[in-house]
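Q: Protein sequences, first through last, are from chains R and V.
Residue numbering for the first sequence follows my numbering, beginning at 498 and increasing consecutively.
Residue numbering for the second sequence follows my numbering, beginning at 8 and increasing consecutively.
Treat each hint with caution, since some may be false.
Unchecked claim - Interface residues of chain R toward chain V, partial, derived using beta-carbon atoms under 7 Å:
#1 C509
#2 Y529
#3 Q539
#4 P541
#5 Y597
#6 Q598
#7 F601
Hints in this document: simulated from the structure, not taken from any laboratory.
Here a beta-carbon is modelled for each residue, glycine too, at the ideal position from N, C-alpha and C.
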Amino acid sequence: DAKTTQPPSMDCAEGRAANLPCNHSTISGNEYVYWYRQIHSQGPQYIIHGLKNNETNEMASLIITEDRKSSTLILPHATLRDTAVYYCIVRDQDSGAGSYQLTFGKGTKLSVIP
Amino acid sequence: EPEVTQTPSHQVTQMGQEVILRCVPISNHLYFYWYRQILGQKVEFLVSFYNNEISEKSEIFDDQFSVERPDGSNFTLKIRSTKLEDSAMYFCASSQGVYSNQPQHFGDGTRLSIL
Numbered sequence: 498d499a500k501t502t503q504p505p506s507m508d509c510a511e512g513r514a515a516n517l518p519c520n521h522s523t524i525s526g527n528e529y530v531y532w533y534r535q536i537h538s539q540g541p542q543y544i545i546h547g548l549k550n551n552e553t554n555e556m557a558s559l560i561i562t563e564d565r566k567s568s569t570l571i572l573p574h575a576t577l578r579d580t581a582v583y584y585c586i587v588r589d590q591d592s593g594a595g596s597y598q599l600t601f602g603k604g605t606k607l608s609v610i611p
Numbered sequence: 008e009p010e011v012t013q014t015p016s017h018q019v020t021q022m023g024q025e026v027i028l029r030c031v032p033i034s035n036h037l038y039f040y041w042y043r044q045i046l047g048q049k050v051e052f053l054v055s056f057y058n059n060e061i062s063e064k065s066e067i068f069d070d071q072f073s074v075e076r077p078d079g080s081n082f083t084l085k086i087r088s089t090k091l092e093d094s095a096m097y098f099c100a101s102s103q104g105v106y107s108n109q110p111q112h113f114g115d116g117t118r119l120s121i122l
């Protein structure tokens, strides 16, 4: 099962910042937080990942709380093309000597409104 | 930007027939994966593959499924005798490595429809 909790849906006005929260209270010290999104049943698209420090790239920023129990993905200026399901994933290391799989939950459906 | 490509985009097959889904991973990547997504459901892991061997597989990946990298570029998923419940989107992914800080990159999938 996914180790994260996300709201099922959110709306954001076009041009405004979209802040997508994720709770991962059982994260362990060496597990990264990953964000992917899926547009119209296309393949999941990698956005960003982080361990403990805040991260920024050309797509988004990732803010991780100091206790690492939650994080927020920020899309600084949301456009209509950002409408998608956003998945917050903690790499699952429960299956022995490293697990390769990503465990997807239901994610947050972000609707960007004109 | 390099990407994972999958063919065909849509495959329609009669129940009981064999089907092969094809993927070309990103060229310098060493680890390869298949996931599936039944309509309206979560994306589910099927199998990971490295150095011509299966590294990890899920309970879904039973004896009807197999994977191989026949020519050093393509990565294929074969379903031996398809069932109606195999209808889904199948996504291929690849990564440079398997450390937690190395992301997997996905293709746009093959929609498999079993009649």
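Q: The structure should be examined with respect to each hint, and the outcome stated for every one.
A: Status of the hints after comparison with the structure:
At a threshold of 7 Å, the smallest CB-CB gap from R/C509 to chain V is about 23 Å, leaving the interface hint violated. A distance limit of 7 Å between C-beta atoms decides the matter here; for R/Y529 the minimum to chain V is near 4 Å, and the interface restraint holds. Because the smallest distance between the Cβ of R/Q539 and any Cβ of chain V comes to about 5 Å, under 7 Å, the interface hint for this residue holds. Taking 7 Å as the C-beta contact cut-off toward chain V, the hint placing R/P541 at the interface holds, the least distance being around 5 Å.
Evaluation of the R/Y597 hint against chain V yields a held restraint, the C-beta minimum of about 4 Å falling below 7 Å. Interface restraint check for R/Q598: the shortest CB-CB distance to chain V comes to about 4 Å, inside 7 Å, so the restraint holds. A least Cβ separation of about 4 Å between R/F601 and chain V falls short of the 7 Å threshold, and the interface hint therefore holds.
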